[in-house]
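K.L.:
Top line first, the protein sequences correspond to chains L and F. FYI, in UniProt numbering the residues of the first sequence are 1 to 132. FYI, in UniProt numbering the residues of the second sequence are 1 to 285.
In short, the hints are calculated from the structure, not lab data. Note that the structure is predicted; figures quoted are calculated from it, not measured. Careful: at least some of the hints might be erroneous.
[To be verified] Label pairs and their computed distance ranges (CB to CB):
#	chain 1	residue 1	chain 2	residue 2	range
1	L	E21	F	I20	32 to 40 Å
2	L	E91	F	D249	45 to 53 Å
3	L	R99	F	K58	37 to 45 Å
4	F	G256	L	R99	57 to 65 Å
5	F	G41	L	L127	39 to 47 Å
6	L	D112	F	K16	27 to 35 Å
Here a beta-carbon is modelled for each residue, glycine too, at the ideal position from N, C-alpha and C.
If you want the building blocks of each chain, they are given just below.
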Amino acid sequence: MKTLTVSVVTPNGPVLEDEYEMVVCRAESGEIGIMPHHIPIVAPLSIAAVRLKKAGSEDKLAVNGGIMEVSSNKVSILAQSAEKPSDIDVERARKAKERAERRLQSNQDNIDKLRAELALQRAINRLDVSSK
Amino acid sequence: MASLRDIKARIDSTKKTKQITSAMELVSASKMNKAEQHAKGYVPYSEKMQEVVAHIAKGTDASHPMLETREVKKTGYLVITSDRGLVGGYNSHVLKLLQTTINERHNSPDEYTVIVIGRKGFDYCRKRNIPVSNSIIGVADHPQFADIKDIAKATVQMFTDKEIDELNIIYNHYVSAISQVPTMNKLLPIEDIQGQNGTTSQYEYEPNEEQILKVLLPLYAESLIFGALLDGKASEHAASMTAMRSATDNANDLIGDLTLSYNRARQAQITQQISEIVGGAAAIE
């Protein structure tokens, strides 16, 4: 089976570097699946899980936005944070989710709606990735 | 001449100070090693980022506000200093560079604004009425990206909103454990992006180039700010280490001098006492 190299790097260091058969991630314009020898492509990612498939099994990563770049059979994901399911602090994510929901529900003007919305997305994404 | 007891007290207090400074030297040394590793861990991200930005910016005609040079009406300076003292010339070098740059380039405070990281820089600007538009105090010794994300984002936003037309970053560049150089870099507009030549593969853009640049360039600018901060932190610990080492050396010298004069004073006292006794005995006879 052909494979492609996937490397995920964040400002705090590399998170993952390995060979996979397929990468599925959600770009801002929709889901994209990358298979080996994909043509070079660049796409911004939305806050969602990145699914990495290898020999029938699937790994997941919680990626918070960032950019995906594919060139010469190598996928690089640059994100401000990316976590493996084992690294996710579920309790913290749950609290963050509650906090963000509270903020969104309280109809005050002085609250940054967009920020709360993004925080909520990140929290949901983390919980989603860690639960499976 | 100081009395024996005075000298003794000084020797004791100097010894205690020496204990503290030599302990701080060790602490700074270990922090510096950590900070250096931290900065190294960040290198893959910044290199990759640089590579992608260079790839895209070169192969495209698409324009983006962050790539365009416009007439400079207001300049932003991002200054990275430490929160505490005892770091030798670390802060004063950076702040001096800031001050001379401002004096050279600007006539009125309307023409510039300063974004400060670190308490020392903040206090400095406030004392001298330098306009500070944003600041962050209490950055951890080994900062995470999340710690400075807000200020980095806000700063990049200021440029995008045309509040400032140019952004310079001033920090201490870490050369080695004994050498840190105050450096000023122009961050925005992004001008010369250097990437590895050769692999000029044509990219497909999803959805299009403008959209990509819109996401990528702020990320790039933020990553540069974070990189400078890590660099600055490594310098801070290195500077602190050097300062503490020289403080310990000075304490050693001082203790040597004081011990010498203590012994002399003691000797003089004994001689005096003997001559008094001898004088007294002679008087009785």
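K.L.:
State for each hint whether it applies.
P.N.:
Verification of the supplied hints:
Our hint of 32 to 40 Å for L/E21 and F/I20 is violated, since their Cβ atoms are close to 59 Å apart. Separation of L/E91 from F/D249 is about 49 Å and conforms to the stated range, judged on CB atoms against 45 to 53 Å. Against the hinted window of 37 to 45 Å, the Cβ-Cβ separation of L/R99 and F/K58 comes to about 43 Å, which satisfies the hint. Distance hint check for F/G256 and L/R99: the Cβ-Cβ separation is about 60 Å, which falls inside the suggested range of 57 to 65 Å.
In this structure the supplied range 39 to 47 Å is violated for F/G41 paired with L/L127, their Cβ-Cβ distance being about 27 Å. For the hinted restraint 27 to 35 Å between L/D112 and F/K16, the CB-CB distance of approximately 50 Å leaves it violated.
Hints 1, 5 and 6 from the list above are not met by this structure, while the remaining hints are.
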